[in-house]
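Trainee: Here are the chains, one letter per residue:
4 protein chains.
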Amino acid sequence: PDTLTIGTRRFQSRLLVGTGKYADLDQADAAITASGAEIVTLAIRRTPALTDPEAAKKRNLLDILPADKYTLLPNTAGCYSAKDAVRTCRMARELLDGHNLVKLEVLGDEKTLYPDMAETLIAAKQLVDDGFEVMVYTSDDPIAARRLEDMGCVAIMPLAGPIGSGLGIQNRYNVIEIVENANVPVLVDAGVGTASDASIAMEMGCDGVLMNTAIAQAQKPILMAQAMRHAVIAGRQAFLAGRMPRRRYASASSPMTGLPF
Amino acid sequence: PDTLTIGTRRFQSRLLVGTGKYADLDQADAAITASGAEIVTLAIRRTPALTDPEAAKKRNLLDILPADKYTLLPNTAGCYSAKDAVRTCRMARELLDGHNLVKLEVLGDEKTLYPDMAETLIAAKQLVDDGFEVMVYTSDDPIAARRLEDMGCVAIMPLAGPIGSGLGIQNRYNVIEIVENANVPVLVDAGVGTASDASIAMEMGCDGVLMNTAIAQAQKPILMAQAMRHAVIAGRQAFLAGRMPRRRYASASSPMTGLPF
Amino acid sequence: PDTLTIGTRRFQSRLLVGTGKYADLDQADAAITASGAEIVTLAIRRTPALTDPEAAKKRNLLDILPADKYTLLPNTAGCYSAKDAVRTCRMARELLDGHNLVKLEVLGDEKTLYPDMAETLIAAKQLVDDGFEVMVYTSDDPIAARRLEDMGCVAIMPLAGPIGSGLGIQNRYNVIEIVENANVPVLVDAGVGTASDASIAMEMGCDGVLMNTAIAQAQKPILMAQAMRHAVIAGRQAFLAGRMPRRRYASASSPMTGLPF
Amino acid sequence: PDTLTIGTRRFQSRLLVGTGKYADLDQADAAITASGAEIVTLAIRRTPALTDPEAAKKRNLLDILPADKYTLLPNTAGCYSAKDAVRTCRMARELLDGHNLVKLEVLGDEKTLYPDMAETLIAAKQLVDDGFEVMVYTSDDPIAARRLEDMGCVAIMPLAGPIGSGLGIQNRYNVIEIVENANVPVLVDAGVGTASDASIAMEMGCDGVLMNTAIAQAQKPILMAQAMRHAVIAGRQAFLAGRMPRRRYASASSPMTGLPF
Numbered sequence: 007p008d009t010l011t012i013g014t015r016r017f018q019s020r021l022l023v024g025t026g027k028y029a030d031l032d033q034a035d036a037a038i039t040a041s042g043a044e045i046v047t048l049a050i051r052r053t054p055a056l057t058d059p060e061a062a063k064k065r066n067l068l069d070i071l072p073a074d075k076y077t078l079l080p081n082t083a084g085c086y087s088a089k090d091a092v093r094t095c096r097m098a099r100e101l102l103d104g105h106n107l108v109k110l111e112v113l114g115d116e117k118t119l120y121p122d123m124a125e126t127l128i129a130a131k132q133l134v135d136d137g138f139e140v141m142v143y144t145s146d147d148p149i150a151a152r153r154l155e156d157m158g159c160v161a162i163m164p165l166a167g168p169i170g171s172g173l174g175i176q177n178r179y180n181v182i183e184i185v186e187n188a189n190v191p192v193l194v195d196a197g198v199g200t201a202s203d204a205s206i207a208m209e210m211g212c213d214g215v216l217m218n219t220a221i222a223q224a225q226k227p228i229l230m231a232q233a234m235r236h237a238v239i240a241g242r243q244a245f246l247a248g249r250m251p252r253r254r255y256a257s258a259s260s261p262m263t264g265l266p267f
Numbered sequence: 007p008d009t010l011t012i013g014t015r016r017f018q019s020r021l022l023v024g025t026g027k028y029a030d031l032d033q034a035d036a037a038i039t040a041s042g043a044e045i046v047t048l049a050i051r052r053t054p055a056l057t058d059p060e061a062a063k064k065r066n067l068l069d070i071l072p073a074d075k076y077t078l079l080p081n082t083a084g085c086y087s088a089k090d091a092v093r094t095c096r097m098a099r100e101l102l103d104g105h106n107l108v109k110l111e112v113l114g115d116e117k118t119l120y121p122d123m124a125e126t127l128i129a130a131k132q133l134v135d136d137g138f139e140v141m142v143y144t145s146d147d148p149i150a151a152r153r154l155e156d157m158g159c160v161a162i163m164p165l166a167g168p169i170g171s172g173l174g175i176q177n178r179y180n181v182i183e184i185v186e187n188a189n190v191p192v193l194v195d196a197g198v199g200t201a202s203d204a205s206i207a208m209e210m211g212c213d214g215v216l217m218n219t220a221i222a223q224a225q226k227p228i229l230m231a232q233a234m235r236h237a238v239i240a241g242r243q244a245f246l247a248g249r250m251p252r253r254r255y256a257s258a259s260s261p262m263t264g265l266p267f
Numbered sequence: 007p008d009t010l011t012i013g014t015r016r017f018q019s020r021l022l023v024g025t026g027k028y029a030d031l032d033q034a035d036a037a038i039t040a041s042g043a044e045i046v047t048l049a050i051r052r053t054p055a056l057t058d059p060e061a062a063k064k065r066n067l068l069d070i071l072p073a074d075k076y077t078l079l080p081n082t083a084g085c086y087s088a089k090d091a092v093r094t095c096r097m098a099r100e101l102l103d104g105h106n107l108v109k110l111e112v113l114g115d116e117k118t119l120y121p122d123m124a125e126t127l128i129a130a131k132q133l134v135d136d137g138f139e140v141m142v143y144t145s146d147d148p149i150a151a152r153r154l155e156d157m158g159c160v161a162i163m164p165l166a167g168p169i170g171s172g173l174g175i176q177n178r179y180n181v182i183e184i185v186e187n188a189n190v191p192v193l194v195d196a197g198v199g200t201a202s203d204a205s206i207a208m209e210m211g212c213d214g215v216l217m218n219t220a221i222a223q224a225q226k227p228i229l230m231a232q233a234m235r236h237a238v239i240a241g242r243q244a245f246l247a248g249r250m251p252r253r254r255y256a257s258a259s260s261p262m263t264g265l266p267f
Numbered sequence: 007p008d009t010l011t012i013g014t015r016r017f018q019s020r021l022l023v024g025t026g027k028y029a030d031l032d033q034a035d036a037a038i039t040a041s042g043a044e045i046v047t048l049a050i051r052r053t054p055a056l057t058d059p060e061a062a063k064k065r066n067l068l069d070i071l072p073a074d075k076y077t078l079l080p081n082t083a084g085c086y087s088a089k090d091a092v093r094t095c096r097m098a099r100e101l102l103d104g105h106n107l108v109k110l111e112v113l114g115d116e117k118t119l120y121p122d123m124a125e126t127l128i129a130a131k132q133l134v135d136d137g138f139e140v141m142v143y144t145s146d147d148p149i150a151a152r153r154l155e156d157m158g159c160v161a162i163m164p165l166a167g168p169i170g171s172g173l174g175i176q177n178r179y180n181v182i183e184i185v186e187n188a189n190v191p192v193l194v195d196a197g198v199g200t201a202s203d204a205s206i207a208m209e210m211g212c213d214g215v216l217m218n219t220a221i222a223q224a225q226k227p228i229l230m231a232q233a234m235r236h237a238v239i240a241g242r243q244a245f246l247a248g249r250m251p252r253r254r255y256a257s258a259s260s261p262m263t264g265l266p267f
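Protein chains in written order, with this note's numbering: chain A, 7 to 267; chain B, 7 to 267; chain C, 7 to 267; chain D, 7 to 267.
Check the hints yourself; a few may be wrong.
What the hints assert, rightly or not - Listed next, the in silico EDC-like pairs over lysine to aspartate or glutamate satisfying Cα-Cα at most 16 Å (straight line): (1) A:Lys131 with A:Asp90; (2) B:Lys226 with B:Asp35; (3) A:Lys117 with D:Glu186; (4) B:Lys64 with B:Glu100; (5) B:Lys226 with B:Asp32; (6) C:Lys117 with B:Glu186; (7) C:Lys226 with C:Asp30; (8) B:Lys89 with B:Asp136; (9) D:Lys117 with A:Glu186; (10) A:Lys64 with A:Asp90; (11) B:Lys117 with C:Glu186; (12) B:Lys226 with B:Asp30.
Unchecked claim - What follows is a list of derived Cβ distance ranges for each label pair: (13) B:Met157 with C:Asn189: 54 to 64 Å; (14) C:Gln18 with B:Met157: 39 to 49 Å; (15) B:Gln225 with D:Arg93: 45 to 55 Å; (16) A:Asp135 with D:Gln18: 47 to 57 Å; (17) C:Asp135 with D:Gly248: 17 to 27 Å; (18) A:Thr39 with B:Pro7: 44 to 54 Å; (19) C:Gln18 with D:Asp32: 23 to 33 Å; (20) C:Ala29 with D:Asp8: 15 to 25 Å; (21) D:Arg93 with C:Ala29: 58 to 68 Å; (22) C:Arg65 with D:Ala73: 46 to 56 Å; (23) D:Asp8 with B:Gln225: 50 to 60 Å; (24) A:Gly137 with D:Gly248: 30 to 40 Å; (25) C:Lys89 with B:Thr11: 31 to 41 Å.
Treat the hints as calculated values from the structure; they're not laboratory data.
Ideal Cβ positions, reconstructed from N, Cα and C, are used throughout, including at glycine.
With the hints as constraints, model all of the structure from the sequences given.
Mentor: So, in structure tokens, the structure goes:
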């Protein structure tokens, strides 16, 4: 079977989802379930139930994400320096009884939420050295991606477009360059807006897709979660099936090179 | 449930497939089955079993398309004039015991297989007047599409790109203009190359997608048929779910207008 | 020298401009002059000075378009039937002392201003038979373009995008198909929004570009007219110079085929 | 007048060109002259006349680039580490009598020629501290661009696409993000393939464009150099003129938001 191996873990689903921006816990629960996701990311700094005993007493995100069903992927959303991000990951490991799989993101500014690659490289090194299995949010820079893999990150997660933008994959050449060179899974993270965006990422050979806003801020999040589930499967199967060549006409020899565009 | 009504018939699947270019009958059978299609189009002029008693004695396309499972959609592939196309449809009706659902295509030349819209309009009128339920292959011209609907065609089938090209949807504004104005189903016909192309068509509000080469000439046709099944469902669900707005950043007010591109 | 021949006339400039939507006559005059255009199109039905003696007494469009400097190209803007368009062209010929060069446009609806190709074909035939030199606004349908050329039209003018949209060339494959097959000039008409749109049209081998809104509704129309003059020259020269091949990397053998997109 | 100020120097032309890949010196001379460029970049490591007295005796690149006509822009092509790049810049300064304007590029690998941003940041810091005016080749990462500006680089030069690819601008959102945030000139460097690519860069508000292969490897380099001269002017003027808004139709209120694509 076609499974996804990240670090020491193995998964059937190639769709990873976030937990933010839902109307309420029930909607989040229904959408996450409908997505078929096995890995669910949550922002340590925005999950009061992790750190606040009072919050933990009320029904909260952790209640809809039982450990026997989901692999939690704590992330460092809201961190703008390597130091903050590393500290947040260590806190997550404490709070989650030694859970060492994390998604590292070190952001460059509050407006674009674009990664700060210089700080990301520093944080990734420290976390890998500290025994974490690091999935890393990165720009679509192939050289940076290779460096992160060489450091020991277990998954490379280039953005398709800015976080929360829904713009789809902006630079296909960069993403495919990363995919072709990587020996660890490459997952598109951020920028997916609708089903076809997810399919395209998978058709390019990405190993998975992580999304949050595209589902949570669709008009009907649960239906969109189903759509995304199908889209990731469709894209994966299309990649494995090997698409027909593009050509100007049905005739076998119609050239695609030499066009002015 | 979300069903597709074409003329007097109703369907669950929104993926329509062709029968050409497969390695053999078994592959065609397996791929068509995997696609989940309920409507299968076949070229009258390229189906010897319809017209030649000797050919009909051997195992042939009709054997893998039992009438209780599939709705046959005879098409006029290979016709370059209204006269030829009309004659071919009448022949199909004779051969198929009064079956009156047809897909009209009148081609402009052998190289591009682009429709000849002047001849298509003539043929469509004659066929509708003659009692056929006409699904019509058309350019993506919104004015022609409206005229075909006004004549009484039961489905409008604009090309995404040239037949057999796999180029995907070339002119999204035209297709969406057709979709917004139509009161009969609009199905993208021709040009789909991979799963995401089908999803995109459905996300734009098309009612269905017809394809042949994208499945039959994938490296693994049966797996690609599965991919397409998921892709059409994904695109339909995404359309119904209502995608998030596109924006430059996650911040709610990031403008998408006024950009130089 | 690289000249443009349309029917019996020869031109140095490949940029054709319209006269509508300017703030006033002086702005129109300055912008048209800055564009370097030799052919200027004006809507018969919207040029009162042509038909109303009172209007002709005041300073008007014809005053800024002296016959020794410009070739007038009367157009049938506002006509929605072949009959109207033919009548309008005949009126123009009367009013302009036998001037037989016209731009035919028969529109399909007021919202999209998309051409009605069925009516366009009828009108083109009648006008050619009646001795006009017909430049014809058409959809980007390669089959219709060929038919219009076969009828005797002296220039084929496919839309890049809807009139007044500024969306640029929507379907490059169609435009290049028209260019490759034509033996008369092909000029992109409608849809150009900024300088690069005009360059792209010329790089594809188009013989010229006609525009109005992109200049008249720029924030600074006169400067945009200069931009367009350079853009058309740039695109023409780039076409004649023969662009470098596209490739993934500088290395000579980097393949562009086989990519999933 | 609309001039370009880089560091302590001022220029009329916004087109910068390279010197590589020409058939011979005469062709290089003619093309560079035709381009109207005032800044010409040359690779220190590939200019034997700079370092080898024997090579300097023969007619060479420096002979066609007189100091009264051109500003030389020595670059570090071929450097794969900060150390190499810094050493190369210092050597250039020695050889060119204290000339302190350099273009820094530190490459990540020989295949993609993509910048190694980690090394680029190190080298940029050292060079600025050492008194150089540093124009820096960078990925299109807005966060890295800001850091380079904060360090004191005098121009930010994001790639449009891979060096020598001719693919045009791959990620318009990133380039425009850089342009909007920068207080020093932003010049697109690498990836331009034809005239419209250069226009597009300028229309987005870039302050200039640097190219080499697009001219040198056109079929007619001198004509392409002229095309590029016009294209950069066209794009600049279009930017300053303020393009019309994009809209679905001519009607003022046609919405561009809410579309599924």
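Trainee: Against this structure, judge whether each hint is valid.
Mentor: Tested hints:
| no. | hint | verdict |
| --- | --- | --- |
| 1 | A:Lys131 with A:Asp90 | holds (14 Å) |
| 2 | B:Lys226 with B:Asp35 | holds (14 Å) |
| 3 | A:Lys117 with D:Glu186 | holds (13 Å) |
| 4 | B:Lys64 with B:Glu100 | violated (21 Å) |
| 5 | B:Lys226 with B:Asp32 | holds (13 Å) |
| 6 | C:Lys117 with B:Glu186 | holds (13 Å) |
| 7 | C:Lys226 with C:Asp30 | holds (13 Å) |
| 8 | B:Lys89 with B:Asp136 | holds (13 Å) |
| 9 | D:Lys117 with A:Glu186 | holds (13 Å) |
| 10 | A:Lys64 with A:Asp90 | violated (28 Å) |
| 11 | B:Lys117 with C:Glu186 | holds (13 Å) |
| 12 | B:Lys226 with B:Asp30 | holds (13 Å) |
| 13 | B:Met157 with C:Asn189: 54 to 64 Å | violated (34 Å) |
| 14 | C:Gln18 with B:Met157: 39 to 49 Å | holds (47 Å) |
| 15 | B:Gln225 with D:Arg93: 45 to 55 Å | holds (50 Å) |
| 16 | A:Asp135 with D:Gln18: 47 to 57 Å | holds (53 Å) |
| 17 | C:Asp135 with D:Gly248: 17 to 27 Å | violated (45 Å) |
| 18 | A:Thr39 with B:Pro7: 44 to 54 Å | violated (21 Å) |
| 19 | C:Gln18 with D:Asp32: 23 to 33 Å | holds (29 Å) |
| 20 | C:Ala29 with D:Asp8: 15 to 25 Å | holds (23 Å) |
| 21 | D:Arg93 with C:Ala29: 58 to 68 Å | holds (59 Å) |
| 22 | C:Arg65 with D:Ala73: 46 to 56 Å | holds (54 Å) |
| 23 | D:Asp8 with B:Gln225: 50 to 60 Å | holds (54 Å) |
| 24 | A:Gly137 with D:Gly248: 30 to 40 Å | violated (56 Å) |
| 25 | C:Lys89 with B:Thr11: 31 to 41 Å | holds (38 Å) |
Hints 4, 10, 13, 17, 18 and 24 from the earlier list are contradicted by this structure; the remaining hints agree with it.
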